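Participant: So the chains spell out like this:
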Amino acid sequence: MVLLLFIFVLAGFLGFELIQRVPSQLHTPLMSGSNAISGITIVGAILASGAIEGQMGIILGFIALILATVNVVGGYMVTDRMLAMFHSKKGDK
Amino acid sequence: MVLLLFIFVLAGFLGFELIQRVPSQLHTPLMSGSNAISGITIVGAILASGAIEGQMGIILGFIALILATVNVVGGYMVTDRMLAMFHSKKGDK
Amino acid sequence: MDLLINFAYIVASILFIFGIKMLGSADTARRGNQISSLGMLIAVVAVLLTSGMNYTWIIAGLAIGAVIGAVTAKRVQMTGMPELVALFNGFGGLASLLVGWAEYAARPEPSAETGAAVILAILIGGITFTGSLIAYLKLSGKMGGNATLFGGQKALNALIALAIVGLGFVFVTTHAPWALYALIALSLLLGVLAVIPIGGGDMPVVIAILNSFSGLAASAAGFVIQNNVLIVAGCLVGASGLILSIIMCKAMNRTLGNVLFGSFGAATGNTGQAVEGEMKAATAEDAYYVLEAAQSVVFVPGYGMAVAQAQHAVKELAQILESNGAEVRFAIHPVAGRMPGHMNVLLAEADVPYEQLAEMDDVNPIMSTVDVAIVIGANDVVNPAAVEDESSPIYGMPIIKVYEAKTVYALKRGQGAGFSGLVNTLFFRENTRMLYGDAKDTITTLVTQFKD
Amino acid sequence: MDLLINFAYIVASILFIFGIKMLGSADTARRGNQISSLGMLIAVVAVLLTSGMNYTWIIAGLAIGAVIGAVTAKRVQMTGMPELVALFNGFGGLASLLVGWAEYAARPEPSAETGAAVILAILIGGITFTGSLIAYLKLSGKMGGNATLFGGQKALNALIALAIVGLGFVFVTTHAPWALYALIALSLLLGVLAVIPIGGGDMPVVIAILNSFSGLAASAAGFVIQNNVLIVAGCLVGASGLILSIIMCKAMNRTLGNVLFGSFGAATGNTGQAVEGEMKAATAEDAYYVLEAAQSVVFVPGYGMAVAQAQHAVKELAQILESNGAEVRFAIHPVAGRMPGHMNVLLAEADVPYEQLAEMDDVNPIMSTVDVAIVIGANDVVNPAAVEDESSPIYGMPIIKVYEAKTVYALKRGQGAGFSGLVNTLFFRENTRMLYGDAKDTITTLVTQFKD
Amino acid sequence: MKIFAPKETDSDETRAALDPIGTKKLSDLGTNVLIESGTGESSGHSDEDYRQAGAEIADRNTALAEADVIVRVRKPPAEEVTKLKKGAIHISFLDPFNEADLIESFANAGTTAISLEMLPRTTLAQKMDALSSQANLAGYASVILAASRMKTILPMMMTPAGTISPAKFFILGIGVAGLQAIATAKRLGARVTAFDVRPEALEQAESLGAKALRIDLGETKSEGGYAKEMTPEQIKIQIDAQAKVCSQSDVVITTAKVFGRKPPVLIKKGAIDQMQNGSFIVDLAAEGGGNVEGVVAGEEITTDNGVTIIGLTNYEGLVPQNATQVYSSNITNMVEHFLDEESKTFPIDLEDELLKGCVITHDGKIVHERFTS
Amino acid sequence: MKIFAPKETDSDETRAALDPIGTKKLSDLGTNVLIESGTGESSGHSDEDYRQAGAEIADRNTALAEADVIVRVRKPPAEEVTKLKKGAIHISFLDPFNEADLIESFANAGTTAISLEMLPRTTLAQKMDALSSQANLAGYASVILAASRMKTILPMMMTPAGTISPAKFFILGIGVAGLQAIATAKRLGARVTAFDVRPEALEQAESLGAKALRIDLGETKSEGGYAKEMTPEQIKIQIDAQAKVCSQSDVVITTAKVFGRKPPVLIKKGAIDQMQNGSFIVDLAAEGGGNVEGVVAGEEITTDNGVTIIGLTNYEGLVPQNATQVYSSNITNMVEHFLDEESKTFPIDLEDELLKGCVITHDGKIVHERFTS
Ligand SMILES: NC(=O)c1ccc[n+]([C@@H]2O[C@H](COP(=O)([O-])OP(=O)(O)OC[C@H]3O[C@@H](n4cnc5c(N)ncnc54)[C@H](OP(=O)(O)O)[C@@H]3O)[C@@H](O)[C@H]2O)c1
Ligand SMILES: NC(=O)c1ccc[n+]([C@@H]2O[C@H](COP(=O)([O-])OP(=O)(O)OC[C@H]3O[C@@H](n4cnc5c(N)ncnc54)[C@H](OP(=O)(O)O)[C@@H]3O)[C@@H](O)[C@H]2O)c1
Ligand SMILES: NC(=O)c1ccc[n+]([C@@H]2O[C@H](COP(=O)([O-])OP(=O)(O)OC[C@H]3O[C@@H](n4cnc5c(N)ncnc54)[C@H](O)[C@@H]3O)[C@@H](O)[C@H]2O)c1
Ligand SMILES: NC(=O)c1ccc[n+]([C@@H]2O[C@H](COP(=O)([O-])OP(=O)(O)OC[C@H]3O[C@@H](n4cnc5c(N)ncnc54)[C@H](O)[C@@H]3O)[C@@H](O)[C@H]2O)c1
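Keeping their order, the protein sequence lines are chains A, B, C, D, E and F.
My numbering applies: residue 1 is where the first sequence begins, and numbers increase by one.
My numbering applies: residue 1 is where the second sequence begins, and numbers increase by one.
My numbering applies: residue 1 is where the third sequence begins, and numbers increase by one.
My numbering applies: residue 1 is where the fourth sequence begins, and numbers increase by one.
My numbering applies: residue 1 is where the fifth sequence begins, and numbers increase by one.
My numbering applies: residue 1 is where the sixth sequence begins, and numbers increase by one.
So that you can see chain A by itself, here it is in the shape it has in the complex (with noise of 0.2 Å):
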């Protein structure tokens, strides 16, 4: 647990650090490539529907796991069409 606390204030200080000046632009994807990352929580919910006993587990554990496949799969892609249509405008000119 403590070193996991270590892990947790490690993180914390690194993302902090990694976002320094962000332009405006890159603001709302930004938002949303890191919002797909928070999906990560997938894993939480596959070892759920996965490898918890009990019902009542597997099923909020199912649901978790429904949900935060939308939030990842829709998340990167959403970024990425984002991204895209930023990149095609900058290829422009």
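No wet-lab data here; the hints were simulated from the structure.
No experiment lies behind these values; they were computed from the predicted model shown.
Hints may contain errors.
[Unchecked claim] Here are the simulated PhoX-like pairs of lysine-lysine, each with C-alpha atoms no more than 25 Å apart in a straight line:
{"id": "1", "chain 1": "E", "residue 1": "K7", "chain 2": "F", "residue 2": "K151"}
{"id": "2", "chain 1": "E", "residue 1": "K269", "chain 2": "E", "residue 2": "K236"}
{"id": "3", "chain 1": "E", "residue 1": "K151", "chain 2": "F", "residue 2": "K24"}
{"id": "4", "chain 1": "E", "residue 1": "K268", "chain 2": "E", "residue 2": "K244"}
{"id": "5", "chain 1": "E", "residue 1": "K151", "chain 2": "F", "residue 2": "K7"}
{"id": "6", "chain 1": "F", "residue 1": "K151", "chain 2": "E", "residue 2": "K151"}
{"id": "7", "chain 1": "C", "residue 1": "K451", "chain 2": "D", "residue 2": "K451"}
{"id": "8", "chain 1": "E", "residue 1": "K151", "chain 2": "E", "residue 2": "K269"}
{"id": "9", "chain 1": "F", "residue 1": "K151", "chain 2": "E", "residue 2": "K24"}
{"id": "10", "chain 1": "E", "residue 1": "K168", "chain 2": "E", "residue 2": "K236"}
Since the structure of chain A is provided, determine the placement of chains B, C, D, E and F with the ligands on it from the hints.
Facilitator: For chains B, C, D, E and F with the ligands alone, coordinates are given in the frame of chain A:
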């Protein structure tokens, strides 16, 4: 061990991100300051000289402790002296 | 096998880190997103290797979720993306809540630590879910975008917070299911209450915050199931989301606190006269991105350029824009400045080539094809009242019709009027953004942006 | 108690993170160092709380080390600091080596993982130790600063590396003490061999690298004794030290590889004529820090300023320097440029106040009190040969004696000569730094530095 | 509608009321433009140029009697007013404050006299504002005149043969002419100091790189773009402060006019006496009496201590081609502004802000409020 | 050592060889300075000014006979050479390529004649380089002259009364004078195109903001800072390209001289015929024959198509005070450079790089290599 590796990786990234644009005047103090931090091995040395069994271990630990302490104490003090000088120069104007 | 999985987690985390970093810069953003999705793939594959899994449910869940996600993502209109992101975000939060709940359902007697983690996962996940839903509704127009306020809101929120703390304590000590259910209900309620009072215009910041929350929720879920990739990825998102929302607030000239709890509704410029619309401030950074992509740019200098002595900086910006491929013109209004030819003197001093100087009559017909018009300390000479408002004292004066350009940046120090003392409705238009500050400073900042 | 200790470790790590971050910026550096030392204190106190410790040795060791460290740190001359840092760094490396060794001595049958960690701690620690020692000797002048090269060096190094890998394998599998001792010896040898061929001028970069190594050694020691504060702090130092050394190389216009393995010795400008000294390039960033602290600055414009059309940028820099408290003058040499009054035309265009223009004869007498002279694309008019070299065709021509200023920055595009085609010895002087590149770009970068 | 531009009668006048560009524009608007032969001679335009632009070269007397609108630069000789047909509109500078008789005769002739200097100086009217357009060129010309007369150069030059210090200019009155004089002298590299009673004008001078002389005069006001008259004490303080600057200046250019009154005398003999041998004073207000004591309108005098005082009455006439261009454009803009598209007439609506300001006589009466009493 | 500055004999000459500042400097160096009465009159300096600077006002004939060094601007009248004492040093412009007789008489008189135009143009010699110091002012004055004569202004102005387009200048020959002309015209806001045969000069013109006309002429060389003569084909190509620019220009300023030869005729009648009515050509090479076909040295002519060709011989004389200042400074620097501190004499060492270049006669002989044959 895996968690430790995790921590190691995160800390490494964090170290990279922290130092972005350092003015050349600060190169030496920064080096000196982080040198002092690398004296953290003092913690290991304390454990070695205080908690390890076996004569050999203790002797090695003891020497390590002295060296690490020199590194830590001397390192911080030298850095502070450097920075104090730098400060007063800036304060001048 | 476990070692492999854990190693995969590390790789996934590293990919997330790179992904987020690359998302922060225009050139690498798309690659960054792909790299982070690769990280996600690795994490998912790794967890699937866990021994003793029941794949039926998993595959079903993955399939259903993937189809829904992919279809919505494909279908959505460009304009609908922000609200979709909000919705997805809400799903993520709910998923974290459910993971926490499921874990409790499976092992109903958690240790204190795990219990606390469960509560956090549920709490943060719940807030994220309903908060995101409200944001979605507001953004998609299914709910009034205005701030919805009612009396005692603050008191109510405080009460709920108190109740949550109490219930949390009860749950950790007694593991009573009812406490859990109550917590779930309250957290969902709290999400609604927190977002409802915030105006539609501030929703992007709210989403950024909720995004940060959903990361934290994932992280909390990670603590529940003791999974470090969840912790790392969740916390990365949590922290970067927070920073991002702060950056966004800065870009809006607000503080985070002000957005979340401040006075709501659209701030109108204190112009003393009723004008429709509001003056929208932008930063040089915003302008940079628009200018960077602009094909044709028209500068409209006025007396403020003379006062700021910004001509040299303007010349430099014009040169940069040209070498960036844009067509650059200076539209000189005959009465700009305080003497005939005032702008000419200044621009000649800065060595702006005469070829770039355009007369009002030459530039007005093509104004609607101009991507960006940059109004540098000019006011009266671009005041649409001269064309539109018959009651205006300057009605009938020819002006440079910058308002027809796709985007207008107006550089001024503040809300000062021009020589004629009139309110300028240009500054309140939909396509106008104010860049406040001394014109020279603003231009120099823009130049710096281009150089970085 | 364990929880408390671990918690303290986390706090210490956070303090280190803040400390390093703050060390990176001039305003906060000193506070940063103090914060990181606080972190160290917390870590030490925490470890002392570990149960079952024998405090006799510990207190003795701490006391002895502290006294030595404090006294040397107090005593050392300002000029001796860099080598002292090198020495301390070496001690840190050796300590890590010893910690690894002690752990092995205490538990001579380590797992494969721990065994690998022990090897790493010993290897990196050993290299750090002797490498630092050599750096110390070179810097303090106790050993020739020149690169010491001998034939077959590379082959030898490769051989040693091979041997280390082999011995490492033996040690991990058999735990044989002799393998360990051999490893220690070889790592010490490798440190010596790696640093000896590097010239004294490059020592700062070497120290930065060794500093990074000592961090990694601590981290390795952390893996040996499974202590996470060691891992975190060591790795932070390792990574930041690496970045720092890369930054330092950039500031010297070199690559890291070039410094460590490249052709050694001083690079002389390819001027075609033998001149003592070397042309030393600097970056605008370096110049910024010197200018920032300068009390009096003299600009010496020449034809290059005209070619670069840098006058406006120069004016801006001058203004910034003035508002920064420096006294700014423009020293105009009568024949600077290509026509009489060439500089006057340009500076008047940029609106440099006439009060700031100084004639050669007025500025020369005070030149030795000037902190920084900035030579902007001037060459012949600041060529000391006119005063010093009787054989020079321009001997006897009056020049602006910038070489008397404390620091000279010369802005040129490259090694081009001036109108007269002569080599300019000014550029090879001890107090001159070249800022290569178009003068306008260089000045603009400087201006940007001030604005950031 | 017939618009007639007669040749200016003043032999010093180099400008014309219309140039070929203006002629063309008026023709395109559907009016008939009549030009007296030789009108454009001194501003660089031949009769042929006008003819190609659509004008008819007309006999002066015939055209005066026929024309619906007469445009010229200077006020007409009194005898010509009677030649105009009833209801004709006469547009020119009129100097109405000093020309009561002339106004009287316009009224008697039943003609509409428009005095361009009376045009309200609103933002809207600027395109017709001939005072501004001419003052602007006068400011430029005054500096070039001084530069061509000086024994020294304007810019600073640091040369192998020593440093030539910059010429010092002092501009008094920072209106349109003063600003352009500042701009021109600055362009040539002179050190320029400037003064005006209106504080906002000082900022404008600074926006052109001049040093503003700030004299504390207590309260001053401005109205409609023109300066108000000052109290005697204020004038005294100002005069002393200026004398000091003058004594250090190589060239002093004065441009201070006060609407409807004699220009203030800002440079007294005492100040001139302290000025350097070889220095110049250029008085742009000379026509109305001058800002400089002893200035003679239309002439150039040199004082005992070697100060040359130039008192031309027509600086803009030094660049006649451009002066004609902008004057012609002002006139054309005015006609275009008020022209009735259908009937091709120039209706005089005395309710109109602008016309109310500049129409002096109409329908046999003096209608302008400042001249009726 | 006595140094004498006689009043210039050419009545058009406004400059003097010494001004009071130079006089003072020479006096401080320990020499005796003699000045003829009225020497500084036209450059703004009274006898009194000189006297205060340490000079003695001397009778011309006496002083000519007494002085060890005679300094003046223009070449002396032939009859005065004989009046000099043997061994006297005479410093001035001499135009030695066209004045064989004068040189002869210097040699016969046993005097040392230093021709300032022959001074090698090394970086070291710049402080004495009167050609540069005068050409510089000539470049400035030529533009101011043109500006004061034009019917239009130089800068562009976008005004409510229409846009005044900038005047177009074409500068031919980008030496010292050409560069300063470019700088001055640019300052005033004109559009400037410039041309020179030396490619490096084009970069210099661009460094002042002019547009360089790049004509491909094949190979051209420059030597010691002077242009070499071109081949006939090269001249043809150049003339055609220039004619086009001329026809679009309001003012053409030519400054092309070739060391020791007649200046090339760059603007032929054909080009002038295509130029606009009211445009100007200012020929700075007029004295040596001119760069412009039909130019008359010292006069101003107007062609049938209204082009005014100005061929003054002394543009720098338009700003006599500064011209005198820098000339005086060149002279003073030269005396100071060669003065023997102890004996206060001006020893002529023909081994010296600079003297070798500019001493024409010495010790009764013509010693300069270019004039001995
Ligand atoms: N051209 C002529 O001959 C002439 C002569 C006299 C009068 N006028 C009149 O002057 C006006 C000219 O119009 P215009 O558009 O050029 O100017 P304007 O209408 O007077 O507006 C100037 C604007 O510049 C802003 N400003 C002032 N200093 C600034 C600085 N340092 N940085 C950024 N912005 C600054 C001011 O707003 P903030 O205070 O908010 O910064 C102001 O709104 C017309 O009304 C015209 O009729 C012209
Ligand atoms: N004033 C006069 O009347 C006159 C007339 C004719 C000749 N001269 C002679 O010209 C010389 C003037 O001396 P000076 O010191 O002014 O100039 P200089 O000696 O000619 O040196 C100019 C320097 O500027 C550098 N440069 C060129 N373009 C540049 C750019 N874009 N950015 C940065 N640097 C640039 C060049 O070096 P890189 O190529 O390495 O960049 C060159 O070394 C004297 O020898 C003088 O005798 C003067
Ligand atoms: N509305 C417009 O757009 C418009 C158009 C043209 C001019 N204007 C303004 O009208 C004003 C006057 O223009 P003008 O040039 O025709 O004015 P002007 O010729 O009447 O006077 C010239 C200047 O002299 C100054 N002056 C008067 N008495 C003085 C004294 N005792 N000492 C010093 N200075 C004195 C005046 O303040 C004025 O600035 C200017 O501010 C100008 O900007 C406005
Ligand atoms: N050593 C020094 O420091 C120093 C001092 C003064 C001048 N100079 C240099 O000497 C050079 C000449 O100076 P100058 O002004 O006395 O020269 P100049 O008066 O002899 O000639 C003027 C210009 O005309 C040009 N020219 C000649 N024939 C031409 C033709 N057919 N077409 C077009 N242009 C033609 C020449 O190239 C020259 O640039 C310049 O480059 C100047 O920089 C050097």
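Participant: Each hint: holds or not?
Facilitator: Okay, the hints, checked on the actual structure:
no.: 1; hint: E:K7 <-> F:K151; verdict: holds (18 Å)
no.: 2; hint: E:K269 <-> E:K236; verdict: holds (13 Å)
no.: 3; hint: E:K151 <-> F:K24; verdict: holds (21 Å)
no.: 4; hint: E:K268 <-> E:K244; verdict: holds (12 Å)
no.: 5; hint: E:K151 <-> F:K7; verdict: holds (18 Å)
no.: 6; hint: F:K151 <-> E:K151; verdict: holds (23 Å)
no.: 7; hint: C:K451 <-> D:K451; verdict: holds (13 Å)
no.: 8; hint: E:K151 <-> E:K269; verdict: holds (23 Å)
no.: 9; hint: F:K151 <-> E:K24; verdict: holds (21 Å)
no.: 10; hint: E:K168 <-> E:K236; verdict: holds (23 Å)
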